[in-house]
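Listed below, chain by chain, are the residues.
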Amino acid sequence: MADPRHTLAEMARLLASGATSSRELTEAALARIAAADSELNSFITVTGEAALAAADRADAQRAAGKAGPLTGIPIAQKDIFCTAGVATTCASRMLENFVSPYDATVVERLNAAGLVSVGKTNMDEFAMGSSNETSYFGAVRNPWDAARSPGGSSGGSAAAVAAGLVPLATGTDTGGSVRQPAALCGITGFKPSYGRVSRYGMIAFASSLDQAGVLALTAEDAALIMQVIAGFDERDSTCSDQPVPDYTAALEQSVAGRKIGVPTEYFAGLDAACAAATHAALDVYRQLGAEIVDVRLPNLSLAVPAYYVVAPAEASSNLSRYDGIRFGYRAAAADDIESLYKNTRSAGFGEEVKRRIMTGTYVLSAGYYDAYYLKAQKIRQLISNDLAKCFEQVDVIAGPTTPTPAFRLGEKTDDPVQMYLNDIYTVSANLAGLPGISVPCGLVDGLPVGLQFIGSLFDEATVLNFAHVFQQQTDWHTLVPGGAG
Amino acid sequence: MQWEVVIGLEIHAQLATQSKIFSGASTAYGAAPNTQADLVTLGYPGVLPVLNQDVVVMAAKFGLAVDATVAPRSVFARKNYFYPDLPKGYQISQYELPIVEHGHIDLTLDDGSVKRVGITRAHLEEDAGKSLHENLDGKTGIDLNRAGTPLLEIVSEPDIRSAKEAVNYMRRIHQIVRYLGISDGNMQEGSFRCDANVSVRPRGQEEFGTRTEIKNLNSFRFVEKAINFEIERQIEVLEDGGKIVQETRLYDSDRDETRSMRGKEEANDYRYFPDPDLLPVEISPEFLAAVKSAMPELPQAKADRLIEQYGLKAAEVEVLTASRAMADYFEAVAASADAQLAANWVCGELSGALNKDNVDITDSRVDAAALAQLIQRISDNTISGKIAKEVFAAMWAGEGGADEIIAAKGLKQITDSGAIEAVVDQVIADNPDQVQQFRDGKDKVLGFFVGKVMQATQGKANPGQVNQMLRDKLKS
Chain A
1 MADPRHTLAE MARLLASGAT SSRELTEAAL ARIAAADSEL NSFITVTGEA ALAAADRADA
61 QRAAGKAGPL TGIPIAQKDI FCTAGVATTC ASRMLENFVS PYDATVVERL NAAGLVSVGK
121 TNMDEFAMGS SNETSYFGAV RNPWDAARSP GGSSGGSAAA VAAGLVPLAT GTDTGGSVRQ
181 PAALCGITGF KPSYGRVSRY GMIAFASSLD QAGVLALTAE DAALIMQVIA GFDERDSTCS
241 DQPVPDYTAA LEQSVAGRKI GVPTEYFAGL DAACAAATHA ALDVYRQLGA EIVDVRLPNL
301 SLAVPAYYVV APAEASSNLS RYDGIRFGYR AAAADDIESL YKNTRSAGFG EEVKRRIMTG
361 TYVLSAGYYD AYYLKAQKIR QLISNDLAKC FEQVDVIAGP TTPTPAFRLG EKTDDPVQMY
421 LNDIYTVSAN LAGLPGISVP CGLVDGLPVG LQFIGSLFDE ATVLNFAHVF QQQTDWHTLV
481 PGGAG
Chain B
1 MQWEVVIGLE IHAQLATQSK IFSGASTAYG AAPNTQADLV TLGYPGVLPV LNQDVVVMAA
61 KFGLAVDATV APRSVFARKN YFYPDLPKGY QISQYELPIV EHGHIDLTLD DGSVKRVGIT
121 RAHLEEDAGK SLHENLDGKT GIDLNRAGTP LLEIVSEPDI RSAKEAVNYM RRIHQIVRYL
181 GISDGNMQEG SFRCDANVSV RPRGQEEFGT RTEIKNLNSF RFVEKAINFE IERQIEVLED
241 GGKIVQETRL YDSDRDETRS MRGKEEANDY RYFPDPDLLP VEISPEFLAA VKSAMPELPQ
301 AKADRLIEQY GLKAAEVEVL TASRAMADYF EAVAASADAQ LAANWVCGEL SGALNKDNVD
361 ITDSRVDAAA LAQLIQRISD NTISGKIAKE VFAAMWAGEG GADEIIAAKG LKQITDSGAI
421 EAVVDQVIAD NPDQVQQFRD GKDKVLGFFV GKVMQATQGK ANPGQVNQML RDKLKS
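Chains as they are written, first to last, in my numbering: chain A, 1 to 485; chain B, 1 to 476.
Everything labelled a hint here was simulated from the structure, so no lab data went into it. Since the structure is predicted, the reported quantities are computational estimates derived from the model, not experimental observations. Do not take every clue at face value.
Listed next, the in silico DSBU-like pairs over lysine-lysine satisfying Cα-Cα at most 35 angstroms (straight line) [said to hold, decoys possible]:
no.: 1; chain 1: A; residue 1: K342; chain 2: B; residue 2: K386
no.: 2; chain 1: A; residue 1: K342; chain 2: A; residue 2: K378
no.: 3; chain 1: A; residue 1: K354; chain 2: B; residue 2: K139
no.: 4; chain 1: B; residue 1: K292; chain 2: B; residue 2: K386
Excised from the complex, chain A in its bound form (with noise of 0.2 angstroms):
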């Protein structure tokens, strides 16, 4: 009884009518990794024992009348949140042999929901990069061509959901990292506002723009989730005490009569069938009585050069406590303690990584801070009011998730610029903090694109709507790769 396409609606339903068993589930998920994993590589970790014994009180909990909606689902976490006595690597050489002493809250939240971990998933190392190739693991392949990226860094969590190994996996964006991969690998990645969810025990990249996410079939699913983990958490001062609202409770309003603000920007140098895809989307909305509007973002151009500024400026000093001396990977030959950071430090980090901690640590010297890092400080502020001033117009901005469908594997490594590129549609929303989504709308050449929304703040409510409904009307969000469903 477990299809692999099944979503975990669908799931809590078969669990609830008593078809299916979390033990079945679990089994079925761990023997498609099994089958599946060799040639994606979208996991880092398989707990398999641990997932198996966790079905198994699942199903005592169901059995004893306490279960909760989603008990028993198997889904799967990003290598970025810590897992109690579970390898928590971030991809990297840095934290192969790092075994978290405690479990990050959104774990801790899902554990709690009675969700059933089965691993850890791929990423680009410490979350840097768009198309997972910078993992210490080896690159994630995108399910519909394995010489494509899944795009990154929540690849392997995307990938691992996309496949159908799993219903739905955690990510984290910090410049798109979840809505991109989505986008790239045909499925739902849901941003929150930062600050809706914790980000207590979730490997920091870039404090100011990291926030714990989503990867789903749906969003519907997305919801589900969200319901979970989002709300106020006291080991996380930038979390907020905002009330959390029924997520689900939302997703079937009508959406005629809103209005969809679409950046006029969005399209300069766009893929010409990407267009169309984001346009046929549109009309959707149209046909169900949205009014499209345009709107405009005139620092969009920005958006990229300042989130290069300020991500790998945070990320140079969140990553300085990786030196050897507490835990973690420490070079074995060192004379003194320079030396023992520095052979530490070279050897642990990969190439990326390392090239956003010299950025990063460059952009705050001295002489140089108010060049970088205050002149993004204040771009981001300008992206912010920019979009703040659209929703004042309208309820929603939506466009293209990404420029292009998903890249081969390789050809964007040697120019990281072309590559940051990528994020170009992804990075306002987390400049500005605001929620986000992508759901499927359309093949380009064979291959998944996305259509991204984004909300005013706290506003996850609205994004999930507007998103459900279009997943109401169209059928792109159930396509599989390899065309078999």
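Since chain A is already given, all that's left is putting chain B on it; use the hints.
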């Protein structure tokens, strides 16, 4: 050439919280290494700092105590550098927007004049851990118990003009933080320490000379000696035609000299930036008003009041207000005994005993009620002041309360005039020569007779009565 000394102090006061500034780990001193290092202290992947709100109240109290501006909004920043005892690779501090700015305190100088020293700022930050080198076979150990302990760094203006003034200033800050109860001020445990920025310039020159910074001075005596050494060193260098190098120096108390800490030290670029893990600290006028209403009486106000209320002298009051505990003790004694006698005893015998045995007033072996009882016995003529000292010594030795000791040792003063008269008559009869001298106008001989009477009564005769009776009898 006449040189003028310019000194600014950066004082680090450890705040007296139960737990660390950004985590729940204990701040207690002296635990086994790394037993108070939780995941936040260790800087584990994924953990986040959460501000201990007590430190905000403490910093605000300090700001109010030194007439400073308590910032409605202050920001934590990261100071980035690598060091093994700095777990995260950065220290969380405050940089551009500190919590306290623009304060001052007034020092009373030896000549009685008042000097104002500006306080540029006071900011909150976390302490680092400690590197241990002893008993580790030439290796270096790291103890992170102290890492994350809250500090208030108090930065003075370069208004101080001598080592003595620096000590005066430091003592005043020490007194204030202890009065406020925001730091235990324990210098041996490193809870109160300072860095001194020292420079000299030709008298009359506007521009400051090049300064050096002497790090980690943890006693008042060392502050004075280190600064004086450094002043002399700098003057010597300059008078020999040399130049002062801006650098960090360390004071070696064994050799009484400062030494350059340079070596492989590179110019550090700390790359400060606002810590994205922490929200700005917002202080509302209501919050500040609540802190203000809970402020204890400060040293200067207390001194003024003691002079006014008890009619004491400034010098006595200075001793009595050295600490809040001392003043509280005095006031507890004065509540049920003569205030002037209470002041004399607290400043005299009690302080002497405390110093001698190196005991803090809060642990005094004679409590305020016991001392008050002793003073009452002087006032009601049960014992003389001289006998009282003997009684006090017995009390300090733990032999009991004043009344108990007086009774046990039979020290009660003889006030029965019949008994005294018998002794007086005997003494007069035994010393006819001295009687004659007195009658010849040699008044001083009276002392001889008093001494003889006191000797005969083991000091228990009431001295006033003895005096009067001797005079009456010798004259007749």
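Numbers of the earlier hints that this structure fails to satisfy, in rising order: 1, 4
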